[in-house]
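Taken in sequence, the protein lines are chains A and B.
Under this note's numbering, the residues of the first sequence are numbered 17 to 305, in order.
Under this note's numbering, the residues of the second sequence are numbered 17 to 305, in order.
If you are wondering where the hints come from, they were derived from the structure by calculation, not from laboratory data.
There could be a bad hint or two in this list.
It does not matter which identical chain is meant; a pair holds if it fits inside one copy or across any two.
[As the list claims (entries may be wrong)] Below, simulated DSS-like cross-link-like pairs (lysine-lysine); rule was C-alpha separation at most 25 Å, straight line:
(1) K211 x K163
(2) K100 x K58
(3) K130 x K58
(4) K163 x K126
(5) K19 x K106
(6) K283 x K211
(7) K302 x K108
(8) K164 x K206
(9) K67 x K206
(10) K280 x K302
(11) K263 x K19
2 protein chains.
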Amino acid sequence: MEKIIDSLIQKIRVCKNPSVIGLDTDIEYLASDHQLDSLEKKCNAILDYNKQMIDVLCDIVPAVKVQIAYYEVFGASGMDVFAKTLQYAKQKGLYTIADAKRGDIGATAKMYAKAFLEIGAPFECDFLTVNGYLGTDGLQPFVDICKKNNKGLFVLVKTSNPSGAEIQNLVANKSTIYQIMADITKDLGKDQLGKYGYSNIGAVVGCTHPTQAEQMRQEYPAMFMLVPGYGAQGGSAQDAKLCFDAKGDGAIVNSSRGILCAYKNPKYQGLGIFEAARSAALDMQKDLA
Amino acid sequence: MEKIIDSLIQKIRVCKNPSVIGLDTDIEYLASDHQLDSLEKKCNAILDYNKQMIDVLCDIVPAVKVQIAYYEVFGASGMDVFAKTLQYAKQKGLYTIADAKRGDIGATAKMYAKAFLEIGAPFECDFLTVNGYLGTDGLQPFVDICKKNNKGLFVLVKTSNPSGAEIQNLVANKSTIYQIMADITKDLGKDQLGKYGYSNIGAVVGCTHPTQAEQMRQEYPAMFMLVPGYGAQGGSAQDAKLCFDAKGDGAIVNSSRGILCAYKNPKYQGLGIFEAARSAALDMQKDLA
Numbered sequence: 017m018e019k020i021i022d023s024l025i026q027k028i029r030v031c032k033n034p035s036v037i038g039l040d041t042d043i044e045y046l047a048s049d050h051q052l053d054s055l056e057k058k059c060n061a062i063l064d065y066n067k068q069m070i071d072v073l074c075d076i077v078p079a080v081k082v083q084i085a086y087y088e089v090f091g092a093s094g095m096d097v098f099a100k101t102l103q104y105a106k107q108k109g110l111y112t113i114a115d116a117k118r119g120d121i122g123a124t125a126k127m128y129a130k131a132f133l134e135i136g137a138p139f140e141c142d143f144l145t146v147n148g149y150l151g152t153d154g155l156q157p158f159v160d161i162c163k164k165n166n167k168g169l170f171v172l173v174k175t176s177n178p179s180g181a182e183i184q185n186l187v188a189n190k191s192t193i194y195q196i197m198a199d200i201t202k203d204l205g206k207d208q209l210g211k212y213g214y215s216n217i218g219a220v221v222g223c224t225h226p227t228q229a230e231q232m233r234q235e236y237p238a239m240f241m242l243v244p245g246y247g248a249q250g251g252s253a254q255d256a257k258l259c260f261d262a263k264g265d266g267a268i269v270n271s272s273r274g275i276l277c278a279y280k281n282p283k284y285q286g287l288g289i290f291e292a293a294r295s296a297a298l299d300m301q302k303d304l305a
Numbered sequence: 017m018e019k020i021i022d023s024l025i026q027k028i029r030v031c032k033n034p035s036v037i038g039l040d041t042d043i044e045y046l047a048s049d050h051q052l053d054s055l056e057k058k059c060n061a062i063l064d065y066n067k068q069m070i071d072v073l074c075d076i077v078p079a080v081k082v083q084i085a086y087y088e089v090f091g092a093s094g095m096d097v098f099a100k101t102l103q104y105a106k107q108k109g110l111y112t113i114a115d116a117k118r119g120d121i122g123a124t125a126k127m128y129a130k131a132f133l134e135i136g137a138p139f140e141c142d143f144l145t146v147n148g149y150l151g152t153d154g155l156q157p158f159v160d161i162c163k164k165n166n167k168g169l170f171v172l173v174k175t176s177n178p179s180g181a182e183i184q185n186l187v188a189n190k191s192t193i194y195q196i197m198a199d200i201t202k203d204l205g206k207d208q209l210g211k212y213g214y215s216n217i218g219a220v221v222g223c224t225h226p227t228q229a230e231q232m233r234q235e236y237p238a239m240f241m242l243v244p245g246y247g248a249q250g251g252s253a254q255d256a257k258l259c260f261d262a263k264g265d266g267a268i269v270n271s272s273r274g275i276l277c278a279y280k281n282p283k284y285q286g287l288g289i290f291e292a293a294r295s296a297a298l299d300m301q302k303d304l305a
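This is chain A alone, in the form it adopts within the complex:
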């Protein structure tokens, strides 16, 4: 069977677009005409918004990243919207990344892995983000289920936020912590390599630290990167491009607020939420080209 990372790379090539839209759907973004005065109305409105966003973007982007925190805040009902958003994106032919940054000891990690990466799981996705602070035995259950079900991971290696450096840039035994995390990730994914040379077990590497991103691209040629930090967080297309290999593969760049809130951007004045989002997604595609 074709590795999921190969399928994603092919889809990116077909779309000519190495970007992923982050559905960090804050209810503030909805600008609804209706009064959202109950939990049910709020959840329905968010699901409806997500579906419309997927509809206007599914022919131009290869994937969506759904940030689970924006759904957990609405409790079990929100989690149902999260599940349905992933399902709808999949129906529309998009690859799905559940951005949940889960991580725990082995027995517990196995339960998280089953929740997101089992076939038919309630929150089934193609790729899951995970946190490796607990080391290999906390990551292994995720890796094992990926191998069984042809799913992928993005391990948090070098995050895009300013304080990320506090732990990640510390130097131990001549390596930074983020390089050591990258080494762990590389080892875990070495037997899940696809035909383009990338592993199903990838990494989150922000483009807000371009020098480090460039170095990571060179040191870890088999590591597919999910790249946050572009746009609202300050990373430029030039910065993001450093995460790609010479063929233009090897990374997918996320934008969340830049797309969802494009309607607030003077550049897209006069456009509705979804038209503005589509225009911004097309501009991002050109920007990264």
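Based on the hints, put chain B in the right spot on chain A.
For chain B alone, kept in the frame of chain A given last:
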């Protein structure tokens, strides 16, 4: 208002029991007579089990820790059981720790914080476990909401699993990563100290590495510790005791499988699930005394 950490310490003193029962309710533990052939039946059975477990333990233990992964695996319906378990424990006078190990960049962390630590939140708890790999700006929203609502955190510092050392024991600038995480935690919690000298912002410190736990107790006198690793994971009462101060305060020791699966232990032969759990919890209390 009395700090939540002071309330917890008082409750521990009244119960004479510095232990917390982990409701990592694996459906395998239920040994149900009924056929659990639908999601609804499974979720109802888990909630019923949790309520019975809380009923038999609420007069002897001060707190429960509910491990969210065991509920996420059942999707939105499982999350509803998670919420109801927290609510029921609270009704029964127990302090509640949501073991979710959440962590993300600031904007997202704020959403997680609202999901667990806002008053009336869907998953409202007294304390939440969080992961600080993203550094201070990822933890700050959790700390801020704790200050506003008198809630508490346990930041993952030194975990109980064997691979925890891979990242956490690395040495940078003469400090281990777990000490640096403890320093971040200490700084974040320094203005939320209670009358017993402990902060609402505490840490997870496993007792499977007793020398390090003892050293942490001395170096961080204001850091209340949630202590995993006792029992099934190999930590002894002697190991766990190193996390306490001279007055016997400063820590709460978790046991999950050791209590929930006590009925499988030859020591409690002939007892039902809940009787065995109560006996095991009383034995744990004696063991830690």
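Hints and how they fare:
In this assembly of identical chains, K211 and K163 lie within 25 Å of each other by CA distance solely inside one copy; the values are 15 Å within and 51 Å between copies. With identical chains, the CA atoms of K100 and K58 are at most 25 Å apart both within one copy (15 Å) and between copies (21 Å). Taking the shortest alpha-carbon separations for K130 and K58, only the inter-copy value of 16 Å comes in at or below 25 Å, while the best intra-copy value is 28 Å. In this assembly of identical chains, K163 and K126 lie within 25 Å of each other by CA distance solely inside one copy; the values are 13 Å within and 33 Å between copies.
In this assembly of identical chains, K19 and K106 lie within 25 Å of each other by CA distance solely inside one copy; the values are 17 Å within and 47 Å between copies. For the identical chains of this complex, K283 and K211 are neighbours neither inside a copy (41 Å) nor across copies (54 Å), given an alpha-carbon limit of 25 Å. Taking the closest pair of Cα atoms, K302 and K108 come within 25 Å of each other only inside a single copy of the chain (23 Å); across copies the shortest separation is 58 Å, beyond that limit. Taking CA atoms no more than 25 Å apart as the test, K164 paired with K206 passes inside one copy only; the shortest distance there is 15 Å, against 46 Å between copies.
In this homomeric assembly, K67 and K206 never come within 25 Å of each other (Cα to Cα): the closest approach is 36 Å inside a single copy and 45 Å across copies. When the C-alpha separation of K280 and K302 is checked against a cutoff of 25 Å, the pair qualifies only within one copy, where the shortest distance is 20 Å, while the shortest distance between copies is 62 Å. In this assembly of identical chains, the alpha carbons of K263 and K19 lie at most 25 Å apart only when taken from the same copy (19 Å versus 57 Å across copies).
Checked against the numbered hints above, the structure breaks hints 6 and 9 and satisfies the rest.
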